[in-house]
Amino acid sequence: MSKTVMIVDDSASIRQVVSIALKGAGYQVIEACDGQDGLAKVSGQRVHLIISDVNMPKMDGISFVKELKKIPETKFIPVIMLTTESMQAKKQEGQAAGARAWVVKPFQPEQMIAAVSKLIMS
Amino acid sequence: MQNETFMGRIFHHAWPTAFTGLLGCVFILFFDRGEVVDPVLALTVVSLYLSHVSANKACASIEHAVQAERAQQESKRKALEAETVKGLDKLCENVLPVWSRQIDLARRHTEESISGLAKRFSELVERIESTVSTSVETTGQGETSGILQVLKESETTLGDIIDSFKSALNLREALFSQITELTKFTVELKAMAASIRDIAGQTNLLALNASIEASRAGEHGRGFAVVADEVRKLSMLSGDAGRHITEKVELVNAAIKSVFDASEHYSIEDAVIIRNAENAMQHVLEGFQGVVSSLSDTCIVLQKEGCQIKDEISNVLIDLQFQDRVGQMLDHVCTDLNKLEGYLLERDSHPNGYAQTEIDADSWLNELSCAYTMHEQRVMHHVKSGYGSKQTVTTKPTEITFF
Numbered sequence: 001m002s003k004t005v006m007i008v009d010d011s012a013s014i015r016q017v018v019s020i021a022l023k024g025a026g027y028q029v030i031e032a033c034d035g036q037d038g039l040a041k042v043s044g045q046r047v048h049l050i051i052s053d054v055n056m057p058k059m060d061g062i063s064f065v066k067e068l069k070k071i072p073e074t075k076f077i078p079v080i081m082l083t084t085e086s087m088q089a090k091k092q093e094g095q096a097a098g099a100r101a102w103v104v105k106p107f108q109p110e111q112m113i114a115a116v117s118k119l120i121m122s
Numbered sequence: 001m002q003n004e005t006f007m008g009r010i011f012h013h014a015w016p017t018a019f020t021g022l023l024g025c026v027f028i029l030f031f032d033r034g035e036v037v038d039p040v041l042a043l044t045v046v047s048l049y050l051s052h053v054s055a056n057k058a059c060a061s062i063e064h065a066v067q068a069e070r071a072q073q074e075s076k077r078k079a080l081e082a083e084t085v086k087g088l089d090k091l092c093e094n095v096l097p098v099w100s101r102q103i104d105l106a107r108r109h110t111e112e113s114i115s116g117l118a119k120r121f122s123e124l125v126e127r128i129e130s131t132v133s134t135s136v137e138t139t140g141q142g143e144t145s146g147i148l149q150v151l152k153e154s155e156t157t158l159g160d161i162i163d164s165f166k167s168a169l170n171l172r173e174a175l176f177s178q179i180t181e182l183t184k185f186t187v188e189l190k191a192m193a194a195s196i197r198d199i200a201g202q203t204n205l206l207a208l209n210a211s212i213e214a215s216r217a218g219e220h221g222r223g224f225a226v227v228a229d230e231v232r233k234l235s236m237l238s239g240d241a242g243r244h245i246t247e248k249v250e251l252v253n254a255a256i257k258s259v260f261d262a263s264e265h266y267s268i269e270d271a272v273i274i275r276n277a278e279n280a281m282q283h284v285l286e287g288f289q290g291v292v293s294s295l296s297d298t299c300i301v302l303q304k305e306g307c308q309i310k311d312e313i314s315n316v317l318i319d320l321q322f323q324d325r326v327g328q329m330l331d332h333v334c335t336d337l338n339k340l341e342g343y344l345l346e347r348d349s350h351p352n353g354y355a356q357t358e359i360d361a362d363s364w365l366n367e368l369s370c371a372y373t374m375h376e377q378r379v380m381h382h383v384k385s386g387y388g389s390k391q392t393v394t395t396k397p398t399e400i401t402f403f
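Sequences listed follow chains H and Z, in order. Note that the first sequence covers residues 1 to 122 in full-length UniProt numbering. Note that the second sequence covers residues 1 to 403 in full-length UniProt numbering.
Keep in mind that the hints were calculated from the coordinates and are not lab data. Heads up, some of the hints might be wrong.
Straight-line Cα separation of at most 27 Å, DSSO-like style, residue types lysine-lysine; simulated pairs [what the hints assert, rightly or not]:
| no. | chain 1 | residue 1 | chain 2 | residue 2 |
| --- | --- | --- | --- | --- |
| 1 | H | Lys41 | H | Lys66 |
| 2 | H | Lys41 | H | Lys3 |
| 3 | H | Lys118 | H | Lys91 |
| 4 | H | Lys3 | H | Lys70 |
| 5 | Z | Lys184 | Z | Lys248 |
| 6 | H | Lys41 | Z | Lys233 |
| 7 | Z | Lys339 | H | Lys118 |
| 8 | H | Lys90 | H | Lys75 |
| 9 | H | Lys23 | Z | Lys339 |
| 10 | H | Lys23 | Z | Lys184 |
| 11 | H | Lys23 | Z | Lys119 |
| 12 | H | Lys3 | Z | Lys90 |
| 13 | Z | Lys184 | H | Lys58 |
| 14 | H | Lys3 | H | Lys66 |
| 15 | H | Lys3 | Z | Lys339 |
| 16 | H | Lys58 | Z | Lys310 |
| 17 | H | Lys58 | H | Lys118 |
| 18 | Z | Lys248 | Z | Lys90 |
| 19 | Z | Lys304 | Z | Lys119 |
| 20 | Z | Lys233 | Z | Lys257 |
| 21 | Z | Lys76 | H | Lys90 |
| 22 | H | Lys58 | H | Lys91 |
Nothing here was measured: the structure is a model prediction, and the numbers come from that model.
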C-alpha cells in the first residue's frame with residue numbers, strides 16, 4: 001500500500017511540481033493551500049508525511065507545525081519545511097516548532113524523494 | 001527638540017514672576033503671625049504689582065517666541081518644498097498604487113499561467129507514462145504476454161505439428177519395412193510351390209511306371225493298375241495345386257511390390273511436403289520475428305525517447321519553481337510600494353506636513369532588507385544602481401537540513 005504525503009503551499013505551481021515528483025515515486029498526494037486548509041484536511045486521513053511552505057496566508061508554516069504537534073493524532077507525523085527562506089534563525093524556528101527537515105527552494109525531485117523516503121522509513 | 005526649546009523659553013521668562021509671587025506669600029504668612037500687618041500688606045501689594053508687570057512681560061515674550069517658532073517652521077517647509085521636484089508628491093501618491101496594482105496583476109497572471117502550464121505538462125507526463133506502459137505490455141518485454149511471447153508460442157506449436165507429421169512418416173516407413181519382410185515369405189512360398197510341382201511330377205512318373213508294371217502282371221496286376229492310375233491323378237492334382245500356389249504367390253508379390261512402390265513414392269512426396277512446410281513455416285516465422293523484432297526495437301527506442309521526454313518535462317516543471325520565487329520578490333516590492341503610499345497619505349493628513357514626518361532612508365531600507373527570504377534578494381539589495389545592477393545571482397543547489 002502506497003504512503004500518503006500532504007503538500008501545503010499557497011503556490012499552485014509548487015504544489016503541482018511536488019505532486020508530480022511524489023506521484024512518480026509511487027506516493028499518494030493530498031494538497032492544501034495554507035496552514036488552515038492543511039489542518040482541516042489532515043484530520044480523519046492517514047497521512048504519513050507533510051511537506052509545508054513557511055510563508056503562507058491565513059496560517060504560516062511554523063504555526064501550522066505547532067498546531068499539528070498539539071493534536072495527538074498528528075503530533076508524530078514528520079514535517080518537511082519547503083521554503084525559499086534560508087536564514088539560520090528561521091531554520092531554528094522551524095526546528096523548535098517540530099519540523100524534521102528544512103528544504104530550500106528550488107529543489108531537485110530526486111533529493112526531495114530521498115528526504116521523504118528517509119523520514120517515512122524512520 | 002523644538003518642543004523642548006519652546007518650553008525652555010517659557011520657563012526663562014516666567015520664573016521671575018513666579019519667584020516674586022512666592023516671596024510675597026512667604027511675607028504674608030510670616031508677618032501675619034507677628035501682627036505686623038500694614039507694612040506687610042503694603043509690601044505684598046507692591047510684590048503683586050511687580051509680579052503682574054513681570055507676568056505681562058513674560059506673556060509678551062512667550063507670544064514672541066511662538067511666532068518665531070512658526071516662522072522658523074514655515075521657513076523650513078518652504079525650503080523643503082523648494083528642494084522637492086514640483087508635482088513629485090502628487091505623482092507618487094497617484095502612481096504608486098498603480099504600480100502596485102500592475103505588479104500584483106502581473107504576479108497573478110504569471111502564477112495562473114505557470115499553474116496552467118504545470119498542469120498541462122503534468123498531463124503530458126501521465127500520457128507518456130501510459131503510452132510507454134502500453135507499449136511495454138504490447139511488445140511483452142520481460143513479461144509473459146505480448147507479441148514476442150505469442151510469436152514464441154506459435155513457433156513451438158508449429159514445431160509440434162511438424163514433429164507430428166515427421167512421426168507419422170516414420171510410422172509409415174516402419175509399416176513399409178514390415179511389408180518388405182512379407183515379400184521374403186512369398187519367395188519361400190514360391191519355392192515351396194515349386195517343390196510341390198516337382199514332387200507331383202515324380203509321383204506321376206512313378207504312377208506311370210506302376211501302370212506299366214501292372215499291365216505286365218496281367219490279371220494279377222489289374223488292381224494295382226487302378227491304384228497307380230489314382231496316384232497319377234493325385235500327382236496331377238498336386239502339380240496343379242503347386243502351379244496355382246505359384247500363380248497366387250506371384251500375384252501377391254506383385255501386389256506387395258505395387259503397394260511398396262506407391263508407398264515409397266508417397267513417402268518421398270510426404271517427406272518433401274513436410275520439409276517444404278517446415279521451411280515455409282520457418283520462413284514465415286522468421287519474417288514475422290523480424291517484423292516483431294523491428295517493432296520491438298522501435299518500441300524500445302520510443303520508450304527511451306518517452307522516458308527522456310518525461311524527464312525533460314519533469315526538469316521543466318522543476319524550472320517552473322521560479323514562479324514562486326518571482327512571486328515572492330514581486331510581493332515584497334508591492335508591500336514596500338504600499339508602505340510608501342501609506343506614508344505619503346499620512347504625511348499629507350498631518351497638520352505640520354514635512355516638519356513632523358521626515359523619512360529615515362537607512363531605516364526604511366533596513367526594514368525592507370529584513371523582509372527578504374531569498375539569498376538573491378539580499379545580494380541584489382546591496383548592489384548599487386548602474387553597472388552591476390543587472391548582474392545575475394546564481395541559485396544554490398538543493399539545500400536540505402535534517403533536524
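Results of checking the hints against the structure:
A distance of roughly 16 Å separates the Cα atoms of lysine 41/H and lysine 66/H; the hinted pair therefore holds under the 27 Å criterion. Pair hint lysine 41/H plus lysine 3/H holds up; C-alpha atoms about 16 Å apart against a cutoff of 27 Å. A distance of roughly 19 Å separates the Cα atoms of lysine 118/H and lysine 91/H; the hinted pair therefore holds under the 27 Å criterion. Distance hint between lysine 3/H and lysine 70/H is fulfilled; the C-alpha atoms sit about 23 Å from each other, no more than 27 Å.
With a C-alpha separation of about 15 Å, the suggested pairing of lysine 184/Z with lysine 248/Z holds against the 27 Å cut-off. About 126 Å separates the Cα atoms of lysine 41/H and lysine 233/Z, which puts this hinted pair outside 27 Å; it is violated. Between the alpha carbons of lysine 339/Z and lysine 118/H the distance comes to roughly 44 Å, so the proposed pair goes past 27 Å and is violated. For the given pair, lysine 90/H sits about 21 Å from lysine 75/H by alpha-carbon distance, which is consistent with the 27 Å threshold.
The straight-line distance between the Cα atoms of lysine 23/H and lysine 339/Z is roughly 42 Å, outside the 27 Å bound, and the hint therefore fails. The suggested pairing of lysine 23/H with lysine 184/Z is violated, with an alpha-carbon distance near 84 Å, which exceeds 27 Å. Straight-line distance between C-alpha atoms of lysine 23/H and lysine 119/Z comes to about 14 Å, which keeps the hinted pair within the 27 Å bound. At most 27 Å may separate the alpha-carbon atoms for a hinted pair to count; lysine 3/H and lysine 90/Z exceed this at roughly 59 Å.
A threshold of 27 Å between alpha carbons decides the hint, and for lysine 184/Z with lysine 58/H the separation of about 111 Å lies outside it, so the pair is violated. Our distance criterion of 27 Å between C-alpha atoms is met by lysine 3/H and lysine 66/H, whose separation comes to about 23 Å. The suggested pairing of lysine 3/H with lysine 339/Z is violated, with an alpha-carbon distance near 45 Å, which exceeds 27 Å. Our distance criterion of 27 Å between C-alpha atoms is broken by lysine 58/H and lysine 310/Z, whose separation comes to about 36 Å.
With a C-alpha separation of about 30 Å, the suggested pair lysine 58/H and lysine 118/H falls outside the 27 Å cut-off, and the hint is violated. Annotation: proposed proximity of lysine 248/Z to lysine 90/Z is violated, straight-line Cα distance about 140 Å (limit 27 Å). At most 27 Å may separate the alpha-carbon atoms for a hinted pair to count; lysine 304/Z and lysine 119/Z meet this at roughly 23 Å. In summary, the hint linking lysine 233/Z to lysine 257/Z is not supported, as the alpha carbons are separated by about 36 Å, beyond the 27 Å threshold.
A distance of roughly 45 Å separates the Cα atoms of lysine 76/Z and lysine 90/H; the hinted pair therefore is violated under the 27 Å criterion. With a CA separation close to 21 Å, the supplied pair lysine 58/H and lysine 91/H stays within the 27 Å bound.
The structure shown violates the earlier hints numbered 6, 7, 9, 10, 12, 13, 15, 16, 17, 18, 20 and 21.
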